[in-house]
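Assemble the complex: chain A is given as a structure, and chain B must be docked to it using the hints.
These protein sequence lines map, in sequence, to chains A and B. Numbering of the first sequence is given in the UniProt record's numbering, commencing with residue 1 and proceeding in unit increments. Numbering of the second sequence is given in the UniProt record's numbering, commencing with residue 1 and proceeding in unit increments.
Hints in this document: simulated from the structure, not taken from any laboratory. Be aware that one or more of the hints could be misleading.
[Said to hold, decoys possible] Chain B regions said to be covered by chain A (calculated; three or more residues, Cβ under 8 Å): (1) 84-94; (2) 241-247; (3) 250-257.
Glycine is no exception: its CB is placed at the ideal position from the N, C-alpha and C atoms.
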Amino acid sequence: MHPRTRSALAVATTTVLTVGVTGCAGWGGGPTGGGPDTIDVLMVNNPQMVDLQQLTAEHFTAETGISVNYTVLPENDVRDKISQEFSSQAGQYDVATLSNFEIPIYARSEWIAPLDEYVAADPEFDQDDVLAPLTASLSGDDGRLYGEPFYGESSFLMYRRDVLDAAGITMPDAPTWQEVADIAAQVDGAEPGMAGICLRGQPGWGQVFAPLTTVVNTFGGTWFTEDWQPQVDSAEFRDAVQFYVDLVREHGEVGAPQAGFTECLNNVVQGNAAMWYDATSAAGSLESADSPVRGLMGYAPAPVVETDSSGWLYAWSWSIQQASSKKDAAWEFVSWASSQEYEELVGAELGWSRVPAGKRASTYENPDYLAEASAFAEPTLAAIQAADPNDPGVQPRPAPGIQFIGIPEFPDLATQVSQDVSSAIAGQMTVDEALDRGQQLAEDVAARYRERESG
Amino acid sequence: MSSITDVAPVAATRTPEGRPRRTRKPRSGPLLGLLAWVIGFLFVVPVLWMVLTSFHSEEDAATNPPSLAAPLTLEGYREFFGVGTGTNPWPSLLNSLTASVVSTVIVLLLALPAAYALSIKPVRKWSDVLFFFLSTRMLPIVAGLLPIYLFAQWSGLLDNIWLLIVLYTAMNLPIAVWMMRSFLAEVPVEMLEAAQMDGAGLLRTLRAVVAPVVLPGIAATSLICFIFSWNELLLARTLTGTVAQTAPVYLTGFVTSQGLFLAQVCAAAFAVSLPVLIAGFAAQDKLVQGLSLGAVK
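Pulled out of the complex, with its shape left as it was, chain A reads as follows:
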């Protein structure tokens, strides 16, 4: 083709494309919000949410006439976007996935709408069926309910029963951390490439500090005392972190400083770890039909030292933005997604191992669910019921939370300290150095609260 003809053709193509594309400005041109029967939902991309997206059109929109537009983002991005959206009350989204960490904080700022009236007017939803620790942790300081759980989780110890049996070890009914460390030493290398235990080492308040804060709690440590004295360099906090770092360095997984939930899940599924202390929701993946370790796992309560229990409490939940003009439609959606009926729908359509469980007592009485989840259903329920966000350690706390402190500064504080802890796991820093720096950061936060309380 002659170069000039070709350029003419290129220009023509561009013009046609431009005209064609601007012609369909319907994609995004108009005002946002859709019709009165359309709601916008901002949610985290976890497998349970992906299932929800798949089932919405046929089972929710078809029955209620309410269509749902989803925006799905990874966890960190979704947190950023939700705080930006809700703090400015932009009203772009009617519903968002929040956790029991954010809900009391957002409720205090009146960014999310109380749900009590909807719950009272909707007996079919059956709020009493929702596990009590969750209802408590999704309520604000004013005692009103601000969120409905989609799925809840605690933490427990998952272990390869077959590997322990072969080594002649029996997991105690309520193991202590020392017992777990001893077992990890014994089963380390039991199979080629198998680590004794997998523990998160990846920086992030929701990564390494989720399990690690529960270890700190049960070792008798805390981030802050009730009167806002930072305790990061206290002997108990230090012992707990030293124990965790030593355990993961000596008998932990390869690449521990970068390992988070996903990496540990991979390790256990691929037979590269004999034990794993993490979220109860992981059990669903370990016991799914295509998992190589299905039926080989045992489940024990979160290991303890000084406390009776030590599992965390976390629930991805639905909240309705205060600025939403479609709160009634939003409640229709929330009450459907958090209902028992939805769990049964997932069970029937996608399989019972994919049910967003861990939130309703009735789930654990459902024979269909128990047939699929018998291995971990009872330990999960027991772990969630034993969790007490208001009294997770040996001393009174200034704010609720087990694996976190329910203050807006916590993600930033714990993420910074976690980077040093992760360096300690990598061997680039000592635990003492990491925690001395952490203490200073915690003091900055604590000083503000002390000032506020005295002022």
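Frame of chain A, contents of chain B only:
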């Protein structure tokens, strides 16, 4: 973008009339050639790996060390195109296309006259003007994010594709002016004078003399603007929601903190980069000329 970098730059190989120009330099030795290929290959390896992973199952994609010979599957692409998952990538892809194409066209319409006034018929203090254009790029976009967000909320432009078009135009305009200026500076003054002597008016000079020389430059500039707009994530993620969501935002939605996602993300990333790759290959000829012209001078 590897589609550009994997092509070894060559000197301008055509005369303004489009005939091949005889290269003066002798061919470089086989060692340099090998080096060029090796470097080119290194740039393409991550993309090749991404394409290969996109055809693997999630379990195979997650193994360590990576399994290259794992069986191939279209599962990742099925997920991306929303077969049975209730998702749909087309609105996001169309939003991206709208934002990229419209902003690129506006950028060209504005940058061409500006570049003309800065090179062929320089205005007074043209170097200050040029520096002013560049200085608008010195503020990191993230620094302006909050004011832009608040303005968009106040003016009701949140989640509206036209807001992105305006921002992308502003974002790319300085680069386009600088690029186009260097291409226009290539037009020999003698040619313009000769055209004037022959009695050609401004429009005719532009069409018959300037256009053929700078067309490769326009192609290169458009592609760069298109790529920058197409790949932009920060503004799109902050300012769009369910209606005006662009492809990169949709792409990040495949990342999850619970469960495996590598194969899916690779499939999505490949599908999203395909339009840019195609545009790059289609304009490869012009691009190499355009980019090397700008780079050499």
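Please name the hints from earlier in the document that this structure breaks, with their numbers sorted from lowest to highest.
-> none
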